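Q: Sequence:
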Amino acid sequence: MGDIDYQALEFAYQACADQQPGAACAHRVVIVGAGPVGLSTALDLARRGTRVIVLDDDCRLSSGSRAICFSKRTLEIWDRLGVGQRMVDKGVSWNVGKVFFRDGEVWRFDLLPESGHQRPAFINLQQYYAEGYLLEAARAEPNIELRWKNKVTGVRPQAAGVTLDIDTPDGAYALKAEWLIACDGARSPVRKMLGHEAHGRIFKDRFLIADVKMSAPFPAERWFWFDPPFHPNQSVLLHRQPDNVWRIDFQLGWNADPVEAVKPANVLPRIRALLGADTPFELEWVSVYTFACERMDTFRHGRVLFAGDSAHRVSPFGARGANSGVQDAENLAWKLHLVLAGQAPEALVDSYAHEREHAADENILNSSRSTDFITPKTETSRHFRNAVLNLARDHAFARGLVNSGRLSLPARYADSPLNTADVHAFAGAMLPGSVAADAPIEGAQDRQWWLQMLNGGFTLAWFGGDHAPDGQTRAALHALADQALAPRIVLVRPPNADWQADPAFACVTDTAGMLAARYDAQPGTCYLIRPDQHIAARRRDTDITALRAALARAAGQP
1 MGDIDYQALE FAYQACADQQ PGAACAHRVV IVGAGPVGLS TALDLARRGT RVIVLDDDCR
61 LSSGSRAICF SKRTLEIWDR LGVGQRMVDK GVSWNVGKVF FRDGEVWRFD LLPESGHQRP
121 AFINLQQYYA EGYLLEAARA EPNIELRWKN KVTGVRPQAA GVTLDIDTPD GAYALKAEWL
181 IACDGARSPV RKMLGHEAHG RIFKDRFLIA DVKMSAPFPA ERWFWFDPPF HPNQSVLLHR
241 QPDNVWRIDF QLGWNADPVE AVKPANVLPR IRALLGADTP FELEWVSVYT FACERMDTFR
301 HGRVLFAGDS AHRVSPFGAR GANSGVQDAE NLAWKLHLVL AGQAPEALVD SYAHEREHAA
361 DENILNSSRS TDFITPKTET SRHFRNAVLN LARDHAFARG LVNSGRLSLP ARYADSPLNT
421 ADVHAFAGAM LPGSVAADAP IEGAQDRQWW LQMLNGGFTL AWFGGDHAPD GQTRAALHAL
481 ADQALAPRIV LVRPPNADWQ ADPAFACVTD TAGMLAARYD AQPGTCYLIR PDQHIAARRR
541 DTDITALRAA LARAAGQP
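Mapping of the sequence shown onto UniProt numbering: residues 1 to 558, in sequence order.
These are computed hints drawn from the structure, not numbers from a lab.
Values in this document were obtained by computation on a predicted structure and should not be read as measured data.
Keep in mind that the hints are not guaranteed to be accurate.
Computed beta-carbon distance windows for the label pairs [as the list claims (entries may be wrong)]: (1) D372 - P169: 38 to 48 angstroms; (2) R548 - D372: 20 to 30 angstroms; (3) D415 - W254: 18 to 28 angstroms; (4) M214 - G154: 19 to 29 angstroms; (5) H199 - P169: 14 to 24 angstroms; (6) Q483 - R201: 39 to 49 angstroms; (7) D520 - A549: 16 to 26 angstroms; (8) Q483 - G154: 13 to 23 angstroms; (9) W254 - K213: 41 to 51 angstroms; (10) S93 - P264: 26 to 36 angstroms; (11) P232 - I4: 38 to 48 angstroms.
We treat Cβ as the ideally placed atom computed from N, Cα and C, and that holds for glycine.
Please construct the entire structure, taking both the sequences and the accompanying hints into account.
A: Written as structure tokens, this is what we have:
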């Protein structure tokens, strides 16, 4: 059975109960936008038990490949939502990138040089596949109701919720929600209806995207050219996608006419210059875009929350757009669920805005620097860039200055109010606010990777040595497990230990010792990990008072 043509699918409009006369039910969460961010948010909330309505003004998925690079972190989030393996199976996995200047290679880099990770640094996968797989998971989820051809025409905030005015083929109706999440893209109608703007920088350059279907011997790597002979004085990016489709980005310059640029008579010669006159290919999709780096001042406005491109957008080189949006979804879903469940104060949602605004600033900074390097605006800048590229062939110091797009990495929430500061000395990268590192494990049925143990709730990982936890430690762990938020307790044995765990706790073996190494975990060390797999606290002991305080702080409680 072949792949579904997700670009050709259309979804039927259906009338809903809210359109009946006298309907006044207030729904818990309404999401506007059925793209990757909206669907990821809906799935995450629904899997936690929160019912969600998703509104979309269209009845189709995206056309053209659009976002294609999905990062290791995004795949780990999708693993937890049950769709990660399907994305990897279809996608083209890659870790290596190459940079060329004029007619020669100047640098190659490996984004995942160490072993012991389940997922690659990136996969390339057309956005319509990602949306299609997320949509199929959402349609199978009883806590999600999808409403196609439901266009939001008005947003009326209230103290305890929001009222939406919706237009449909059957006419208009009003919809009440306790919380509204706007995932409706860079032009966000919801944002405009509320009178908010995104502020930032528009870069004066244009790029042509072409999706080309062909059989080619190029490896599954990211290739970036500065000033190549086949496109002089400009830059070009080449990526392989599934189904023998290749993404090519051509820099055009600010004076290029976007209407003329997409005409086949102008596109095809550019592609032939890259591929060779005799290489057969088919042009599948073409578009012109302008770089922009901007964000809203704040992502929370009362009971309205913004995520993905509606809140922030960046230039595409670096794959920071869709990946950052999915990480917004991951950050928001567990917090909103705890608030709705009465397990956390509403102030916890403020930490979503705090943390993800920080992440957006980090993405915008990296994206702006990449854009300035790729598209120098003065002769001095161009001479500097070309000197760096020439030096990079032979000198390692210059390679650190080459910037063809600093590729997406998860943000560390260094100053998050949910963090508990270290009181013990630790080495390594697993600082509070950092995303948890993966490693191979054994002993947990079919779970062979550490992140598979972090199942969407709070987790307390206790690292043992040659002996099982003593009575005092077990008592502390049991006391923590009896807390209202009930963190899952996972005991981690070193490779050669044979002690038996307390049956009340999960227990895994750190098969290669990688987990302890990555977490600088001496015997007796414990880590408190948030539902979104970020480190909340770490200690060299099991002080129950300190751990209870860290758990309360991580849940936004006083």
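Q: Determine for every hint whether it applies to the structure shown.
A: Status of the hints after comparison with the structure:
One distance hint, 38 to 48 angstroms for the beta-carbon pair D372 and P169, holds here, with the actual separation near 47 angstroms. Range check, R548 to D372: Cβ separation about 48 angstroms, and the 20 to 30 angstroms hint is violated. Between D415 and W254 the C-beta distance comes to about 38 angstroms, which lies outside the given range of 18 to 28 angstroms. For M214 paired with G154, a C-beta distance near 47 angstroms fails the hint of 19 to 29 angstroms.
About 36 angstroms separates the C-beta atoms of H199 and P169, a value inconsistent with the hinted range of 14 to 24 angstroms. Range check, Q483 to R201: Cβ separation about 46 angstroms, and the 39 to 49 angstroms hint holds. Take D520 and A549: their Cβ atoms lie about 22 angstroms apart, and the range 16 to 26 angstroms holds. Taking the beta carbon of each, Q483 and G154 are about 43 angstroms apart, not inside 13 to 23 angstroms as hinted.
About 30 angstroms separates the C-beta atoms of W254 and K213, a value inconsistent with the hinted range of 41 to 51 angstroms. Evaluation of the 26 to 36 angstroms hint for S93 and P264 yields a pass: the beta carbon distance comes to about 32 angstroms. Against the hinted window of 38 to 48 angstroms, the Cβ-Cβ separation of P232 and I4 comes to about 41 angstroms, which satisfies the hint.
When held up to the earlier numbered hints, the structure conflicts with 2, 3, 4, 5, 8, 9 and fits the remainder.
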